[in-house]
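*Asks:* Sequence:
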Amino acid sequence: MTGARHAQAPRPDAVTSRAADDNIIIRDATADDMDAVQAIYVRHALQSTATFEETPPSIHEMQDRLTQIVSLGRRHGIDAAADFL
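First residue of the sequence shown? That's 132 in this note's numbering, and the numbers climb one at a time after it.
Check before you lean on any hint, since a few could be wrong.
Pair by pair, the computed Cβ-Cβ distance ranges are [stated by the list, open to error]:
1) Leu177 / Gly204: 30 to 40 Å
2) Ala181 / Ile155: 26 to 36 Å
3) Pro187 / Asp163: 11 to 21 Å
4) Ile171 / Thr198: 16 to 26 Å
5) Thr182 / Ser202: 19 to 29 Å
6) Asn154 / Ser189: 12 to 22 Å
7) Asn154 / Glu185: 33 to 43 Å
Read the hints as simulated data drawn from the structure, not as lab findings. A virtual CB, placed ideally from N, CA and C, is assigned to each residue, including glycine.
Construct the entire structure; sequences and hints are all you get.
*Replies:* Spelled out as structure tokens, the structure:
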């Protein structure tokens with residue numbers, strides 16, 4: 132298709148936000164955050180098709196995933212202002 136524009140994927144280190152008045156504070160996740168992250172993820176793993184996992188990962192598995200992401204030099208951002216943290 133000529134003239135078609137393709138959206139570029141954001142850089143892994145890029146931090147994006149919604150409108151400035153949404154009070155979103157993005158920060159790097161820590162191992163201490165993984166219990167809240169896992170609780171959210173469980174719901175999506177069990178009740179939706181948002182993941183390919185049928186069995187939700189444990190908190191320990193989520194902490195291991197975070198460690199792997201960070202060891203690759205990538206960032207795992209979370210909304211620090213959210214009520215679940």
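*Asks:* Look at each hint and say if it fits the structure.
*Replies:* Verification of the supplied hints:
no.	hint	verdict
1	Leu177 / Gly204: 30 to 40 Å	32 Å, holds
2	Ala181 / Ile155: 26 to 36 Å	21 Å, violated
3	Pro187 / Asp163: 11 to 21 Å	19 Å, holds
4	Ile171 / Thr198: 16 to 26 Å	19 Å, holds
5	Thr182 / Ser202: 19 to 29 Å	22 Å, holds
6	Asn154 / Ser189: 12 to 22 Å	31 Å, violated
7	Asn154 / Glu185: 33 to 43 Å	35 Å, holds
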